[in-house]
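Need the complex rebuilt from these two chains, each delivered in its own frame; the hints are there to steer you.
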Amino acid sequence: DAKTTQPTSMDCAEGRAANLPCNHSTISGNEYVYWYRQIHSQGPQYIIHGLKNNETNEMASLIITEDRKSSTLILPHATLRDTAVYYCIVRVGNSNYQLIWGAGTKLIIKP
Amino acid sequence: EAQVTQNPRYLITVTGKKLTVTCSQNMNHEYMSWYRQDPGLGLRQIYYSMNVEVTDKGDVPEGYKVSRKEKRNFPLILESPSPNQTSLYFCASSLLSGGANTGELFFGEGSRLTVL
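In order, the protein sequences belong to chains A and B. Residue numbering for the first sequence follows my numbering, starting at 7 and increasing by one per position. Residue numbering for the second sequence follows my numbering, starting at 2 and increasing by one per position.
Incorrect hints may appear among the rest.
Claimed, not checked - Interface residues of chain A toward chain B, partial, derived using beta-carbon atoms under 8 Å: (1) Y40; (2) Q48; (3) G49; (4) R97; (5) W107; (6) G108.
Keep in mind the hints are simulated off the structure, nothing from the lab. Cβ coordinates follow ideal geometry from the N, Cα and C atoms, glycine included.
Only chain B is shown next, with the shape it has when bound in the complex (with noise of 0.2 Å):
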């Protein structure tokens, strides 16, 4: 079944304690993106690759690293978490046509992140 999958799905933290939440896909894709979700704010872009080794930042990067090692794969690090950063995250990808993104992004269910 093709899915995007991530890892944790909730997550209680402190401020300053790193974590990681990875993200998986199996479909080939070579766009992967990450996405914060707040009440009155949409869905916002933290970073986006386009393929192995190559990210960029999206709209709210600040706060956030992330990898693109191997091309199912692109986690999304928080070195240091603060409050601000209490969230629900989405992973996605898609295809690339033409060396562009088609703009048909398939969601992983989200990671419900609590720093306190």
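Isolated chain A, as found in the complex (with noise of 0.2 Å):
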């Protein structure tokens, strides 16, 4: 699986959208790009994926470059609940591939 390149951490102030960037140069075509994050030390929770098409859900939007090397997941209105890290992952869809977790992106929602 390709890997992922994601800042340390990042501030966003509340209210305002969080845009968390990854890169994933080596990407495959048949790759999609996931996003789960983690509130402390909580179990992780899966956020949204995503193959080359923009999706949104109830969550957050994913955002994918055209040549998919790169993409941006959305908080629209961050609060303080989603302080948390964000974990951006690459894995060939609907397969038996395990997801490899890097170190991800802590993301600091402040007041």
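Here it is as structure tokens:
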């Protein structure tokens, strides 16, 4: 599976959109981009995933560049409860490859 | 409510004393997995199971055993715990699609284990 690169940490003001970048320049054509988050030491929570089209659900939007070498997770109106470590992972969708977890981005939402 | 339940949430034990961490899910998921999380190392997979009576090793299986006798339960067994197994453990489950893991994992709240 391709590796990802994320900033170590980011800040965002409460109520603003939080934009979390992820680089995956070696992604293969059949690899999806997955996003999870982990609040403090709780179990990670699935957020969203996509292949090439932009995706949106009740939690977030995922924007994938046309060349698929990078993506951005957008939390449209960040709240204090969105403070967490966010993991960007690439993996072949619907496969038996496991998710490879990196260090993620520590997102701090400030009042 | 859909959930993955782990017990115990916290445990302090001594070297060599067998212990079991239970994991149960109520979503009828075929796939279940155990991870450990250590500072600076991310989540690492210990064992996984694709269905009842089907288990396989992950990246760090040494010192652990699992069983999958029922679809909802996937206990993690430490036959002779050692201090290097002190860690935060997570159980996860997901559906299979076309016989493969969808990648949308549901995690339990974690079990913090300390081995003295």
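Results for each hint:
1. Y40: 6 Å, holds
2. Q48: 6 Å, holds
3. G49: Holds, about 3 Å.
4. R97: 6 Å, holds
5. W107: 4 Å, holds
6. G108: 6 Å, holds
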